[in-house]
Amino acid sequence: MLCHSYYSFLEGAASPEELVARAKSLGFSSLAITDRNGLYGASSFYQACVNAGIHPVIGAHLGDVTLLCENGQGYQSLGALITEAQRRAPKGEVAITWDLFEKYSGGLFCLIERVEDIERAQAIYGHDRVYGMLNFHLEEGDERRCHKLMQIPCVAGRVYYAEKEQAKLFDVLTCIRHGVTIENSAALRAGNAERYLRPLEELYGQFRGVIEQSEELLQRCNVQLDFRRFRTPKFHGANLRKLCEAQAKPHHKEALETELTLIEKLDMTDYFLIVWDIVAFAKKRGIPCQGRGSAANSLVAYLLGITPIDPLEHELFLGRFIHEGMTNVPDIDLDFAASRDSGMPDREDVIRYIYEKYDHVAMVATFITFKKKMARREVLKVMGEEREDLIEGLIGIPRHLSIHVGGMLIAARPIHELVPLEPARMEGRVVCQWDKDMVDDAGLIKLDILSLGMLAVLRDVGVDYNNLTFDDPSVYEMISNADTIGIFQVESRAQMQSLPRTRPQNLKELAVQVAIIRPGPLQGNMVQPYIKRKQGLEPVSYPHPSLEPVLKETLGVILFQEQVLKVAVAMSGFSEQQAANLRRSMSRKRSKEAMEALRADFVAGAEDKVAADHTFDLLLGFASYGFCKSHALSFAIIAYQSAYLKRYYPAHFTAAILNNQPMGFYPNETLLEDAKRHGVEILPPDINKSRFRSTATGKQLRLGLNLIKGIAEPLVEEHQPYQSLFQLMNHLPRDTIEALIEAGALESLGISRRGHLWQLFAGDQPLASTPQLPSQSQWEKMLSEFRMMSLSTTGHPLAFLRADLTHQGYDSSKTLRDGLCRVVGLQVCRQRPPTAKGFIFITLEDEFGLINVIIPPNVPADTDGPFLSVTGTYEGINLRAKRVQPCEISPP
Amino acid sequence: MIGFVRIMDNPHLLFSLFDEVEVCDDGAFVRIGKDIPPFPMGVASSPFVARLAGDKRIERGEEAHFVGPLPLDVLPVEAETIRRLKLLGFRLLADLRTLSYDDLALQFGEEGEMIYLRCRGIDETPLSPTRPPHSLEGSLDLEEGDIERDLMGPLFSQLDQRLVLRMHFSFSSGQTLQVGFSKPTSSPQKALRLFKERLATLSFDEAPATLHVALDTVAATFHQLSFLGQERRRVIEACAHLRPNALMQCVWDEPRARLRERRAHLESLLADSRRPLCVPRPINKPHITKVIERWRVEEDWWTARPIHRDYLHVRIRGGADKRVFVENRQWFDALS
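Quick note, the sequences are listed as chains Y and S, same order.
So in our numbering, spot 359 of the first sequence is number 369, and the numbers just go up one at a time.
So in our numbering, spot 88 of the second sequence is number 73, and the numbers just go up one at a time.
Keep in mind the hints are simulated off the structure, nothing from the lab.
Since we're looking at a predicted model, the values are computed, not measured.
Be aware that a few hints might be false.
Cβ pair distances, simulated, as ranges [stated by the list, open to error]:
| id | chain 1 | residue 1 | chain 2 | residue 2 | range |
| --- | --- | --- | --- | --- | --- |
| 1 | Y | GLY219 | S | ILE277 | 19 to 27 Å |
| 2 | S | LEU77 | Y | ARG832 | 29 to 37 Å |
| 3 | S | ILE268 | Y | ASP447 | 56 to 64 Å |
| 4 | S | LYS71 | Y | THR707 | 52 to 60 Å |
| 5 | S | LEU55 | Y | GLY438 | 55 to 63 Å |
| 6 | S | ARG68 | Y | ASN888 | 38 to 46 Å |
| 7 | Y | GLY438 | S | ILE277 | 54 to 62 Å |
| 8 | S | PRO25 | Y | MET739 | 51 to 59 Å |
| 9 | S | LEU77 | Y | GLN818 | 24 to 32 Å |
| 10 | S | ARG68 | Y | SER762 | 13 to 21 Å |
| 11 | S | ILE273 | Y | GLN234 | 46 to 54 Å |
| 12 | S | ALA79 | Y | MET739 | 27 to 35 Å |
| 13 | Y | ARG97 | S | ILE277 | 19 to 27 Å |
Don't be surprised by glycine CBs; every beta carbon is placed ideally from N, CA and C.
Isolated chain S, as found in the complex (with noise of 0.2 Å):
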């Protein structure tokens, strides 16, 4: 007998639980033998039928009765096949038992021959299982400067139809923290809360050198497509999350803040846009020899942080030259 799979919790477990398995579009297939199956799924002694059955075990013999009262739109055909039928007349597969095998087969060439047989039951086209995905990973070093790059973009795109298990940055201490999960969970959403809040609670003892994402082999079947199909903004969300922990390479640069005031700061970046933020140097007021250029800058009016800037191209005692900007009275370096 066969069995189909419709919506799959956890796909991975197909492979471990029978030895044929054949993934389509909408579910799996799988070869049932004797044993009652683990879970609910439709068992039928074709494909076709078991697609169709839901939850239910249809016996031999009892197809055509089964499939009878469906509407032609169950059949696997072109689209202007069901058109045309429609336009017949016809709403039901038992509607069509009353053509001849001739006369579909005449008007719809091998299509007809195919509805001949659906419409009571009929379906011998045998499994053709499926292998499980290979394993797929990447990483990124994070380097000095890099701060306002979208770190996860690059990994995400090459990652990009599969759901993010695991993760770790490594630091150049030699030091590693593991952010994720051992083993897959059974529910996407709940994988995807427990990696936010992770990523919500990290604290590092220094920059991180090195983000490595690694993802689950077995699990980035179809159920997984959809998943990150439907939450894909989520997963940019915690993204967008991770980079504000980034640019605490650029607090933690400075060194007369006490660790605590550090934190505080780092908490507000956290809180506000997540867009990503360059986190300027404030500098004490250059002495200025001559100004080689001024400008204006006046961006992102439309957030809650709206950007007024006076920068200055300038040489400085020492003869240096320099680009500052001065922000709500207070200097800055540029370049930071």
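Next up, chain Y with everything else stripped away, as it sits in the complex (with noise of 0.2 Å):
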């Protein structure tokens, strides 16, 4: 049968996986995927049907007729045409026309659907590849048409779920595709649920000869989706091993050669240099990039300069990037510096330079799925009501295809050939029909060009960074002291939580507290255990002793995906292949459930049964968060470089992370704050003394005039100096001048804000005299400032209301001691991570500093509302929260 997946975008219901289950229940021996206008789930169909053992056939359905592909050519002629009808059409649509077809009509089968058709398909693919296409679903008028077309030979017509039951949700999916509701679609749904995959003979039994064409013809199918023989085009013009010798010291001799004969071995050889030259230009342009991910773990890569960290002085794991027997080429993750308004190159160079140097670039496609909210919220516009199973049902199902944030295919190949591309929004950009995973399975290679905000930052304070040693004392001392705001990595108010406790001293502890703070230890329940070992208040223990040797640098607790791999060799006998797949299986959707499926494995492997179950379960909690240990190296000294910017520029770091925003937890106001506290004198914008972005000189910060609302480009620099608002008019337009004026900016000029507004008001021609205005207060002079640029260097809020708040019985920050206390703060940052348990986790600032408040999820809190008023009780560094209501703010 011809099957419609969801990845025909709300046309179909079901997954490859499930079509091809059912398909195997039935005892089915072949089956084709013909989703709408692409390719997007052949490949996840493909290998659900090689591990199902039936027949796969690719094909699609392209306006009123469904193409299948008989073979290798007639994959590569789907690949061009729908290539070519996406290309021709607005993007999500696709023009199809009978030339289109002609032209790439090689090895492919028609199906049509209407009688009027059968003339012109035969003539394009000849009379023997041309079928009638029955789609007998029980409604009214099918039969008649049926019968019609059988004056050519015909086959069984296409499904669009797996399972009669899946008719709800394609109900409500043709819904969501037409924006109607369910009352409102009798037109557009369809009228029973009979287009669910089933026996032929029980639909097509009274058609004469169809069931044994249909079967016929898959038969006749045959398209092989390995592509690996094409993943990399030669690179020419450097030598590997040259490159690499040349960088090497003696110690790493040994270990070099065991590497290259392994990238040999693996025919990886062009994929390190064509990484090796996007990296070089990058650095020839003066783009700050660094090699993040398992790629860290690679003495080549450090040697070519991909990667910052010497595997071997760090003891990294090769065999988490590449082993031996591997079928599957991992990719490289690149960071490279944005560089927003800054008019410096940036990661978009890097992409240009891309697709000019190699001749076959496509971008790697995101499915955007449908998450519990937008399930949520289209079923009940939909149904009027929240049903639970549709909801259920919804999640994962795929709405649109988009661009994955980096990822990059170059092949050997015209992709198109390999997978059809659509192009993207950007002019000249063009995306393939598969995400990651997809590319991978058919063993394609992909590099992820990624933009990382805080590259940009340590390029933009201008250190030389190469001569860090990374052990500055009073740089950890900071960062153990949880004075973090800014810093890579370590800012948040969790990681604020454990800094204090952990207290890293070196770049591998501050590695592993990087790791540690997040999901995946956190729901594998590591990170208490870590923090109480390191603070000397429980011994180390192991799940098992023989595992020892791969914990004992984290302190016992499962941290690092590395040490996943170790522990499956060291506790069940794992082979390095086996290792990698468990590993693999962490980072791929669904994890949980492919995890499952090795267990057995795994406790079949391990002398000890029950601590192999133990440890599995341990793995489980890991799964699909984890850092690899080269990662969370890659980010240490990233957060390491930007502490000591911290520590010994705080001026220019602050400057720099207001001039790369958005980026990190905190609102620039904070940031100012912060700086503050560090010292650093912030001086407002200024018409004749600011630039567009903040510029810093020894402690003093000058705001840049793009944190004013509306002052996008950085036209107010052309023209300074300004004499006066007169001069500002004839080069800018009202609106901005209004802005720069609420904002301060031009109060140098010797007249006040509101004669300034006055004047603008009044128009071109300058007044003779303005008259007596209402004095603007300091506070009206802070809250215009706010409104401006979402801070203020009048004050702080709260500073003019302290007396006030004080005699109210309220504590500061600064006031704060152990025991029941009463606080109001503006709200800086939220959150309620789902490890947490219903505990909501909120920062408040007042003008003297932060306040960690804890929400248990028994206290009935409304945090609407910039300003918080919070009553509870105090424990050294948090507020464990008793009562929370907004707090309306009135001008003192």
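The task is to assemble the complex, starting from two chains supplied on their own in separate frames and drawing on the hints.
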């Protein structure tokens, strides 16, 4: 049978895996996927069929025609056809014409649904390659239509879901597609629930010869989706061995030889050279970049300058990246600086370079699927009520295609021969129809070209990081005191909570810190044991004595992905390939199900079955979110560098963060308050002294004009210095000037903000005089600055109210003492992590600092509003709330 | 003096009580003589102050004192003007009196001149009396086979913004049945409740042939607009309530059913979903000589009464073609 999977985007309700499973249970020997306008589901379908022992047939539904690939040539034709049809139409649509079918007809079978198409199709594909497609779904008129079509050989038609029960979901998807309610969708919906996969005899028995012809046609189709041989283009002009040897130190020699031999054996030489070429380009253009992820386990990557860590020095495990016998090549993830507004070269230049240098390039897709919230909203819209069965059914179904954040495919052949392409929104960019897992399954290689704001911050400050030795005690002291606002990876509330207890004192411990405060270790209950062991409050213990060498550096807890591999090898005798499969299943969707399948092997291989079962549970908790050690080290380096800047160049560091927002956890206002606490003087934006971006000199930070709402381009800088408002009015739009006045940027011209506004509103002619206008209080100035910049240099709002608040019995962050207390603060951060069992974490800010509030699940809390009043018990670091309510702030 | 009434239970009363009535978006101005107004309203020498007066009477000479502490938002000027005034630091009407006429006129043009007057409580705009709207009514012929249509829809779309106060059914026998009220009620909510109650207890001796809906002309003023704005859903519910009544035609066509059984059937229809229902006509299994086509309908799975029918286009003994369906093992005539 031919199937629409849910990759037909709202025109199918079952995953390829569900369709294949159903086909297997029905005893089908072959099955075809024919999704609408693409091969989005082909890779998953193919894998599922191979695993189930079913003959997979690949095709697509285009306009009123369905095409099936007879062979590799047909697959290439179909890819080219879809690519061109997508290219000719606006995004999300295809432009199908008969001339296009004619242009790419080789190796394809054509299935038509309308009698009037017979002649045309036969002229293009030949009489023996055109079939009628009987879409018999027990609807009124189906039978008549099918009999009319039977003047040519016919095959059974398509289905839209695997089981009859999925018909309701299919109806809901139809309503979502058309934007109608279920009540108003009668004309758009299927009239019954008969579009499910079932034995052909049930529906097509009455049509003579159709069952036999269907089976025969599918058996004639034979396509292999394995493109390993096309995965990387040949790279000319450099020799990997020579490049590495030029950088290698004597102690690298042996490991380098081993790794180079493995790379050659795995046919990855060109891949490494391509990555080296991209990194070299970035470095040449002054674009900060750094390899992350498992690639940092590679000595070759280090010697090529792709990653910053010497894996030998840090005892990294190459097997996490590559190992003997692996068939799929791992990604190398690269972070590049993203330079907002700076005009400096950045990641976009790198992507452009890749498109220009390499012939066959495409962005990797990602499928936007229904998450719980979206599913709930859509079901409510369609049904008028929240029906849990439908909401659950929708979750995970792809809604539309999007572009992966940084995934790029570089291939040795035109990519449309491997997977169809679609135009991306950005001019000249194309996106392939597969996501990263599908690309991986097909044996292709992708690169992750990612954007990392902190790299731009590091560049903007302009320190020479090559001489950093990562051992400055004062930097670690600052981190250990949780003075980490703005510091990469360790600035979150959860990090700040644990830092005073873990107190990292070197790069390795910082890497552990980066890796430990994450959902994986939290869900696996690994965080508290680590912290207690680090504090010496509990002895170090291991799930099994055999794991001591593997888990010693993390005090007995499983923290790094490398450790998962080593645990599997040490405890259950897994081969490297088995261990890699276990690790890989962690990073896939539905990883828990995939890992459960490996549990049996894991336990079977272990001597101590009980301990193995328990250890496997720990691994399950760790699934999908764990870091690899090499990645943690890469990030720890950036964390240290950013901490170093905060310690020694706080004004420059803060200015650089302001210039590269959005990034990190905190709003500008909080960053500036923190900078003040580090002795930085914050100067207001000034029409003549400020640049477009914020600047720093010594311990002074001058706010940039880009912080003012509505000023998105450096127009103002062009005509500096300004002598008067009227000079500004010649160059800038009125609303921009108004914003500048309100932000206080014109105060240096010697007229009050309101005086300037009066003149501005009056128009182009200078007024003889300005009337007496109400004077502006500091409070009002602060409000107008907040309105324009979401921050104020006049003062923190609560500073104006402190006397009154103290009189009312409120504490401040400075006066908090253990015990019952009451505070008011500006809400700067609120988190409700799924791992926190209903606890809410809020960070409040007053003019003296931050207050960490924990709201237990049994405390009714109204957290709407910028200012909150919290009554609770202060316990050293945290204020445990008993009552939380919004607080109206009125002028003093 | 000018009176201003913001919320009116009986707006048509204004036309009978006052000679000059000016209906505006949020109420009505009336010209008041020397008599005390018959119900509470804001009274002042000018429309601007009367509108702001609530239910107070502001005597001549007291206007400036009264408007001084009011916020800028009460000024009848563009929102942009208010925004600018606030940015310049003004909060109350009294604050604006520090600005000269020239300053305001130069800065805000005609609006500036008006601001100068209004912040002192001065408004010399004359009343522009309005007339009550004309009557509006419509009718709809009910025909055999119309039973699945939304009977009230066309009428209500014509009378979209008005409250239906009278409705009567005409029967082919000449009998009429009026539903509604002989005169306007002071409470729209009460009107609707009574209206629905009346509909629910309706009992016809025969199927209605015409439905006539009329609107009280005088009452069709602003309070009813707002009433329908908020209560539109309930009016639609009332219409939905009417639909099952129309289906009685089908039930009563069944000649063998006794009156008590018919009524029971009717009540069960009324008690269930308000969706338009077609009452199928049960038949005995026909003598089929040929099945021409078959199909299946599975619908309304989200309701309390899901439909699962196997339809057949058949030829029956005697040579006639017929569409029938089977549901819960019962045969039905598909054309019912």
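### Task
For the range 54 to 62 Å, tell me whether the beta carbons of Y/GLY438 and S/ILE277 fit it or not.
58 Å, holds
#### Entry: Pairwise beta carbon distance, S/PRO25 to Y/MET739, judged against the given window 51 to 59 Å
Given about 52 Å between the Cβ atoms, the range holds.
### Task
For S/ARG68 and Y/ASN888, compare the CB-CB distance with the range 38 to 46 Å and indicate the outcome.
43 Å, holds
### Task
Go ahead and decide if the range 52 to 60 Å is satisfied by the Cβ distance of S/LYS71 to Y/THR707.
For Y/THR707 against S/LYS71, whose Cβ atoms are near 37 Å apart, the range 52 to 60 Å is violated.
### Message
Within 13 to 21 Å: is that where the Cβ-Cβ distance between S/ARG68 and Y/SER762 falls?
### Response
19 Å, holds
### Query
Is it true that Y/ARG97 and S/ILE277 lie within 19 to 27 Å of each other by Cβ?
47 Å, violated
### Query
Does the hinted range 27 to 35 Å hold for S/ALA79 and Y/MET739 at CB?
32 Å, holds
### Assessment of proposed distance window 24 to 32 Å (beta carbons of S/LEU77, Y/GLN818)
With Cβ atoms ~28 Å apart, the hint holds.
#### Entry: Hint check for Y/GLN234 and S/ILE273 - Cβ pair distance inside 46 to 54 Å
Given range 46 to 54 Å: holds, Cβ gap about 53 Å.
### Query
Per the hint of 19 to 27 Å, is the separation of the Cβ atoms of Y/GLY219 and S/ILE277 within bounds?
Holds, since Y/GLY219 and S/ILE277 (Cβ atoms, about 23 Å apart) stay within the stated range.
### Message
Given the hint of 29 to 37 Å, is the C-beta distance from S/LEU77 to Y/ARG832 inside that range or not?
### Response
Between S/LEU77 and Y/ARG832, where Cβ atoms are some 34 Å apart, the hint holds.
### Query
Between S/LEU55 and Y/GLY438, is the Cβ distance one that fits in 55 to 63 Å?
With Cβ atoms ~60 Å apart, the hint holds.
Hint violations for this structure: numbers 4, 13, all remaining hints satisfied.
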